[in-house]
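**Q** Numbering (UniProt numbering), first residue to last: 1 to 427.
Don't read these hints as lab results, they were simulated from the structure.
Even for Gly, the Cβ is constructed at its ideal location relative to N, Cα and C.
Mixed in with the good hints there might be a few duds.
Listed next, with one range per pair, are the computed distances between beta-carbon atoms [said to hold, decoys possible]:
1) 230 with 302: 22 to 30 Å
2) 303 with 138: 32 to 40 Å
3) 104 with 329: 40 to 48 Å
4) 98 with 302: 20 to 28 Å
5) 104 with 237: 25 to 33 Å
6) 297 with 143: 21 to 29 Å
7) 134 with 96: 50 to 58 Å
8) 239 with 333: 24 to 32 Å
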Amino acid sequence: MYMVVISVLYSGGIGEMCATANVMLGSEAGTWRIQMVIHGYDFTFVDEDKAKITCSNDNKLFSLLLVTLLLVVVVFTFRSFAVYDETPEIDLNFEPLSEEKIAKAAESYRAQEKTIQFGMGGLDNLERIKEKNSDPLPHRKFTGLSAAEMCETGRGDCVAPFARIRPLIVTAPNHHLMSCIIQKSMSTVMSAIFCFLIRERDFVDAGRSILREYADIRLCEGRNEFKSVDSMRRGLRLRTQDLARWRFTVVTREPVDRFLSGFIDRCIRVGDSCFGCGTNMTCFLEEEYKRATEYAFADQHSLLKPWLTNEDIHVFPQNWRCNMETTFEKYEFIRYSNDPSDTLLEDLIPLLRAQNVSESSINYIAESLRSGRTAHSTVASAARTYLEGRVRSSPYLMELIVRLFYNDYKLFKYSLPDLDKFTEIPK
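Using the sequences and the hints given, assemble the complete structure.
**A** What follows is the structure, encoded as structure tokens:
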């Protein structure tokens, strides 16, 4: 904080005019010493919070104005060139957990364990799922064109990149870390990891689990979450030089893998109507492609955008999040993997080490991720196995996938499928 206070004392003529100037410097930059003597003014500043100018009856008005101007210049010079080593301490105002919140979290954990033990409604009813997903599928619409030819030429009506969906950012200010959250790309787990990083002792003492922290019981209660980078800067009182020390991260997921997770979660596990498609995956994919095309067009050409449903939020392209149209180069991308020992931890652990997270904390996070899955994970279900085989073996469905998610493949460096051949399920 910088404040300049100038006071002028007048007691007769110009020769009797006197000035006092106080300069308040909110500074952590070390020791400064400046001394000026101009026409009877003696100004000295030695690593203190206040500098004072005194004057005598011999001073002239022009000297007073000159020194005042020089003083202002000095202050703003300090402000421009001072280097700050520490980010301001941030108090997120966490309160002790009430008995009600403790009980609510315990009940949620029990319910999640029951779901894991006995399965999720509908996911193991394979006959019902096959009944809705066994119709013959049509041929490709753009036969003979590769994925790149179809989308780069514009002939395939592929969904445009960088339409804007309001982001959600979680932060760990003590480690200068932020992560932009994308639904169905490890969003719940990343929120829990960042909460653990800022409340490690409370997290462990309360018996919390990185794999069980749902939004309605989250220990950090959203206090480290923001809707944009600008709101993060304001909320955490970050200056430009502070933000340069932060690492921007986002977890991305292979497009087919993420689409299947979103469809199974919303249309089978939760039982949403999914635009009237129910559990029919082909119908749902066709509808989401149409809706994404309309949304991207409206984002560019209209003040009003189509209403986003929960299904849209869980399926629409990942590159539409996180203000990537302007901040893509800032992000470090962590690759989601169903087996956390694979690319996920390979990308995450070096990042945590670089931001001075202790080895014991890193081990806690890694072991938590290796210990199991979240209660809403669908990857091990019979429904997932059947539907993944259906979509990856269908040139028609894979063409729709590419038209919807082409820019996710391209920007996040996932291999584009060969649309004229059967595509193997990645390991």
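**Q** Take the hints in turn and mark each one as holding or not.
**A** Results for each hint:
1. 230 with 302: 22 to 30 Å: 24 Å, holds
2. 303 with 138: 32 to 40 Å: Distance hint for residue 303, residue 138 holds at roughly 37 Å.
3. 104 with 329: 40 to 48 Å: Since the Cβ atoms of residue 104 and residue 329 sit about 41 Å apart, the hinted range of 40 to 48 Å holds.
4. 98 with 302: 20 to 28 Å: With a Cβ separation near 45 Å, residue 98 and residue 302 fall outside 20 to 28 Å, so the hint is violated.
5. 104 with 237: 25 to 33 Å: 32 Å, holds
6. 297 with 143: 21 to 29 Å: Given range 21 to 29 Å: holds, Cβ gap about 26 Å.
7. 134 with 96: 50 to 58 Å: 55 Å, holds
8. 239 with 333: 24 to 32 Å: For residue 239 and residue 333 the Cβ distance comes to about 26 Å; the hint holds.
Hint 4 from the earlier list is the only one contradicted by this structure; the remaining hints agree with it.
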